[in-house]
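Participant: Protein chains in written order, with my numbering: chain C, 921 to 1330; chain U, 140 to 279.
These aren't lab readings, by the way, just hints derived from the structure by calculation. Mixed in with the good hints, there may be bad ones.
Said to hold, decoys possible - As a list, the in silico EDC-like pairs of lysine to aspartate or glutamate whose alpha-carbon atoms are at most 16 Å apart:
1) 1326/C - 1264/C
2) 1177/C - 1106/C
3) 1072/C - 224/U
4) 1157/C - 1228/C
5) 1321/C - 1286/C
6) 174/U - 1199/C
7) 181/U - 1025/C
8) 973/C - 1046/C
9) 174/U - 1178/C
10) 264/U - 1026/C
11) 1177/C - 171/U
12) 1072/C - 168/U
13) 237/U - 273/U
14) 264/U - 1025/C
15) 181/U - 1026/C
16) 1305/C - 1264/C
17) 1321/C - 1261/C
18) 1085/C - 1133/C
19) 1039/C - 1087/C
20) 1236/C - 1212/C
21) 1205/C - 1169/C
22) 998/C - 1041/C
23) 164/U - 1169/C
24) 174/U - 1041/C
25) 1120/C - 1046/C
26) 988/C - 1025/C
27) 223/U - 1025/C
28) 223/U - 257/U
What you are looking at is a predicted structure, and each value in this text was computed from that prediction instead of being measured.
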Amino acid sequence: MKKIIGILFLFLISISNAKTIRVGSSFPVKKVKQALQLAVDGDTIIVNGGVYKEGNILINKKIIFLGKNFPILDGQRKFEVISVNADNVVIKGFKIINSGYASLDDPCGIKVYDKSFVKIENNILDNNFFGIYLQNSRNCLIKNNKITAYGKQEQLIGNGIHCWKSDNLQIIANKISGHRDGIYFEFVTQSIIWRNISNKNIRYGLHFMFSNDDSYITNVFKNNGAGVAVMFTKNVKMYNNYFEENWGDSAYGLLLKEIADSYIFNNKFARNTSGIYMEGTSRIKVEKNVFESNGWGMKIQASCMENEIVNNNYLKNTFDISTNGSLVLNTFNSNYWDKYEGYDLDKNGVGDVPYHPLSLFAVLTEKTPSAMLLYRSFMITLLDKSEKVLPSITPDNFIDKTPLMKSLPL
Amino acid sequence: MKYFFVILITFFVISCNSNQPKPIKLNSENCEFCKMTIANGKFGAELITTKGRYYKFDDVACMLQYAKSNQVMVKMFFVNDYLKENELIPVEKSFFLKGGTISSPMRGNIATFSTSKEQKEFQAKLNAEAMTWEQVYNSY
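Take the sequences, apply the hints, and build the full model.
Facilitator: Structure (structure tokens):
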């Protein structure tokens, strides 16, 4: 028994042996790099406020790296600021600025190389080429960071949070602006993106490529160059997000290309050129979303099939739906359309005549965009009305059989 | 007066029949094949059809898949020089590297160089495989 207690005691001593190294002008250790040399696995380094221009800071020990009063780590436009090359590293409370720029090896504010259980929390990243870059990493957490860059059109700039070939990541409550893509996922699986705000990025607020089994929940994507893109992916869940004010010729609230088996639930698409653009998507359920004040609510290309569009509100859109083919392989059921002019004699809340969401003019402008000039002219309104009664150009089976009389409380 | 018209007409015909690529506007133009906004001026590509239409792409892979899947008659192909910022060069005069650590927007992973010296220099650096245009074209 005594022996066991003795062993336990020794074990505890060895744990509590971890030391704290303080860095700052009033401490014996003045430089971050010096502290990193002194540290061993399990140590804590606390860096006090100040400016540290030490080039590339390589963390290759399992340490906790804390900033007090946001010490500034300056990459002077030449270096990658922090490189993480150890598991279980925590980076918290730093201001990381001016990483190297536009060179072929993609310099970053913070880059993690093939590691697990790294936590990056409460940092401010300003004016870096790439913000946070996870390469081949697992079980990492990126939380509460503010990532800002000042990218312009016609200029090369990296992504805010860039994840490549990773697994089990948590990206929570970050604010990202001014990068190429706010959050970029490529070959990332089983990950979650939650409560982030991504706005004013040059290209996409969020960009998925070849990343299966992920979710993004309660994020705001506003005023990005081209909205959000989810491409070549399957099994993605998109809940409670806001897609707002993505204006432009090639801008979409949400661009879906070659994606399957996904679920789009309770999102809001407001004031976009196109709310959702779908191409080559299949078996997606779009449920309880609001499409408000968009140019086009949804653009569904003929290459989409077996998608189910149920219980959505379409309000104040110029066109609710548009498509480029005559084949209808998707189903529309029980949506609320503010342009519906039918009646409900049995008062069960469901319109008695089916609704044709596809207007004649939406089809015409899809074929010849310049026909837009004639929009809201008398003849077009007349043709549109007659098309509703006797469909000739628009496919006659493109209908919602049970349109709702009242908008859903979403 | 007759001569003037002849000159004018030849001028029009020539000006319609340009073999020069149009510059890609980064971050505002879309890839014709994958619909993504073109953002990287090292991997962009462009083709001109026999009718004189221009199509722009964010990756050589997109351009070749588009050229082979659609009924476009291609007159010329152009690709971005890897070492310059958004400069298009004709494929016949280019040298290619594929794979290694090259990472292009749509995973075509093909970098283009204007001289074989540059190609050789970067082949070791990027750990990539040297290719000719025919090999690139036939790989899709």
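Participant: Does residue 1046/C sit within 16 Å of residue 973/C, going by the straight-line distance between their CA atoms?
Facilitator: Distance ~15 Å between residue 973/C and residue 1046/C Cα, so the pair holds.
Participant: CA of residue 174/U to CA of residue 1178/C, is that 16 Å or under?
Facilitator: holds (11 Å)
Participant: Within 16 Å, alpha carbon to alpha carbon, are residue 264/U and residue 1026/C?
Facilitator: Judged against 16 Å, a Cα distance of about 15 Å means the pair holds.
Participant: Residue 264/U and residue 1025/C were given as a pair; does the straight-line alpha-carbon distance stay at or below 16 Å?
Facilitator: holds (11 Å)
Participant: Decide if the proposed pair is consistent with the structure: residue 223/U and residue 1025/C, CA atoms, cutoff 16 Å inclusive.
Facilitator: Status holds; Cα separation ~15 Å.
Participant: Hint check: residue 1177/C vs residue 1106/C, CA-CA at most 16 Å. Holds or violated?
Facilitator: holds (15 Å)
Participant: Is it true that the CA of residue 1072/C sits at most 16 Å from the CA of residue 224/U?
Facilitator: Given pair residue 1072/C, residue 224/U holds - Cα atoms ~15 Å apart, limit 16 Å.
Participant: With the threshold set at 16 Å, check whether the alpha-carbon distance from residue 174/U to residue 1041/C stays at or below it.
Facilitator: violated (34 Å)
Participant: Does the alpha-carbon distance linking residue 1321/C and residue 1286/C stay inside the 16 Å limit?
Facilitator: Judged against 16 Å, a Cα distance of about 24 Å means the pair is violated.
Participant: Does the structure keep residue 181/U and residue 1026/C at a Cα separation of 16 Å or less?
Facilitator: Answer holds: residue 181/U to residue 1026/C is near 13 Å, not above 16 Å.
Participant: Is residue 1072/C close enough to residue 168/U, meaning Cα to Cα at most 16 Å?
Facilitator: Given that 16 Å is the threshold and the Cα spacing comes to 14 Å, the pair holds.
Participant: Starting from residue 988/C, check that the Cα of residue 1025/C is at most 16 Å away, please.
Facilitator: Between residue 988/C and residue 1025/C the Cα gap is close to 31 Å, so the pair fails against 16 Å, i.e. violated.
Violated hints, in rising order: 5, 16, 21, 22, 24 and 26; the structure is consistent with all others.
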